[in-house]
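Participant: Here is how the chains run, residue by residue.
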Amino acid sequence: MSDMGLRHTPLYDRHVALGAKMVPFAGWEMPIQYAGIVAEHRAVRGSAGLFDLSHMGEFLFEGTGALSALDRLVSSDIAGLEVGHARYGLLTNEKGTIVDDVIVYRYSADRLAMVVNAANIEKDAAHVRRHLASGVRFDDLSDQTALIAPQGPRAATILSRIAAMNVDDLMPFGVTATKVAGVAATVARTGYTGEDGFEVFVPNADATKVWDALLEAGREDGIQPIGLGARDTLRLESRYSLYGNEIDETTDPIEAGLGWTCKLDKEFLGRDKIAAAKERGPKRRIAGLVVTGGVARHGHPVTSGGDTVGIVTSGTYGPTVEKNIALAYVPAASAKVGTALAVRIREKDVPATVVKTPFYKRSET
Amino acid sequence: MTVPSDLRYSKEHEWVRLEGDTATIGITHFAQEQLGDVVFVELPEKGATIRQFSSLGVVESVKAASDIYSPISGEVLERNVKVIEKPELVNSAPYQDGWMLKVKLADKGELQKLLSADDYKAHIGETPGSGGD
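Chains as they are written, first to last, in the working numbering: chain A, 1 to 365; chain B, 366 to 498.
Calculated directly from the structure, the hints in this document are not laboratory data.
Be careful, since some hints might not be right.
Using C-beta positions, here's what the derived DEER-type ranges look like [as the list claims (entries may be wrong)]: (1) B:I449 - A:S363: 28 to 34 Å; (2) A:R161 - B:K411: 34 to 40 Å; (3) B:A458 - A:K209: 56 to 62 Å; (4) A:K278 - B:Q461: 55 to 61 Å; (5) A:L18 - B:H488: 42 to 48 Å.
Subject to a maximum C-alpha distance of 27 Å in a straight line, what follows is the list of computed BS3-like cross-link-like pairs (lysine-lysine) [to be verified]: (6) A:K361 - A:K263; (7) B:K411 - A:K348; (8) B:K411 - B:K451; (9) B:K376 - A:K361; (10) A:K21 - B:K451; (11) A:K348 - A:K95; (12) B:K451 - A:K323; (13) B:K451 - B:K478; (14) A:K21 - B:K411.
Negatives, chain A to chain B, calculated, CB over 12 Å [to be verified]: (15) M165; (16) L242; (17) K348.
Note that the coordinates shown come from a computational prediction; the quantities given were computed from them, not determined experimentally.
Built from N, CA and C at the ideal position, the CB exists for glycine as well.
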């Protein structure tokens, strides 16, 4: 089944051959699941899973002014980012709201990359072009770059078997150029699962070679291909924000619980607005909920005493925590752990309790 | 057996097993496969009245909620408490431990509006008479 107008990553044929259920996502036809969301989720938590994230966007910035230019575009401390390191941050606008959440990688003194959400590639590229200092070369490499992510406690061992280095030497949020399965690759120790893991950037033409090699190298560890369904349950248990759900251009970083990504003692787009929002204190906040008696979903009202007080941004069954979990915007006063609220599911108010997040945190080994 | 021959089926992928005037209702193997991992089941209580082709409850998979449409009309005699406690039974045993309701059938004539196993196989694109996989 091929929908007109949907784009395919270089690994599309692999997904189909592996029996994936393919769905439209952000203009792409992507695997939502292979063996099943719960089994895939558990594979990542217990051993290793392999993600095709080639739909995501990759931007390259070069020039002597690249570092300071990115420091003005992104909320976090990019000026202080060392070579060989990556950092999470937000693309913000003059209103102090969120254009996208991104990871910035410093490859060398004057060469940096940014990974952006698939649905935002064009918007982000336009935003960057509008605000980028002159003299910085900007290239959108999204169309020619594949992104393959082995994630899970066995990911380092598996990737090291086919890499030209021991990837365990890379610290969390480290990034380096190396070879994987004999092809030139950029490897970062980053991810969106709450587990140890890596993201491997290669040219499109090399994607199947690296994908096949990782599945082969991880066979004895039970590595499994993982679809977008488990990607969502994994990130939600770990309380990672999803653009379009928890954050968008109507939300500010403070209410989204992303104040920690904003270095307020530097200049960046919307800084003053965000500093003021922090000073005022947010009216609403993202809270983690455990829901008993139904599954909360994006858009469900949060209620208190029968009145609507908030809205669910993401909700699912969490296969590791084995509970129905959700993130929701609720009044700041109702965001305290232990607060009893409800979620309106099919016209019925189902009990929900505010809990500490992340819902799941891996034990350090 | 993915489509047992002794049951009647709705186009919405529910099945009915008749014993006297007691009907047992569940969702089909095909339905559970389409849904993926079932994590929550909402069913009416004993004594509730359900109507043919109206929603009787909801199954939630990890990804989404789906209505269950009643294949027949009647009064609920029993709901499967085990399937509420262990929703994964819908995936692992849709025709056995994953059943949902036992209902006192109101009108036997309604069964004529349901599909035979062969017709249901054709409906889901399996070859009639192949006995499933």
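Participant: Confirm or reject each hint.
Facilitator: So, going through the hints one by one against the coordinates:
no., hint, verdict
1, B:I449 - A:S363: 28 to 34 Å, "holds, 32 Å"
2, A:R161 - B:K411: 34 to 40 Å, "violated, 58 Å"
3, B:A458 - A:K209: 56 to 62 Å, "violated, 42 Å"
4, A:K278 - B:Q461: 55 to 61 Å, "holds, 57 Å"
5, A:L18 - B:H488: 42 to 48 Å, "violated, 28 Å"
6, A:K361 - A:K263, "holds, 25 Å"
7, B:K411 - A:K348, "holds, 19 Å"
8, B:K411 - B:K451, "holds, 19 Å"
9, B:K376 - A:K361, "violated, 44 Å"
10, A:K21 - B:K451, "holds, 25 Å"
11, A:K348 - A:K95, "violated, 37 Å"
12, B:K451 - A:K323, "holds, 13 Å"
13, B:K451 - B:K478, "violated, 31 Å"
14, A:K21 - B:K411, "violated, 37 Å"
15, M165, "holds, 36 Å"
16, L242, "holds, 14 Å"
17, K348, "violated, 9 Å"
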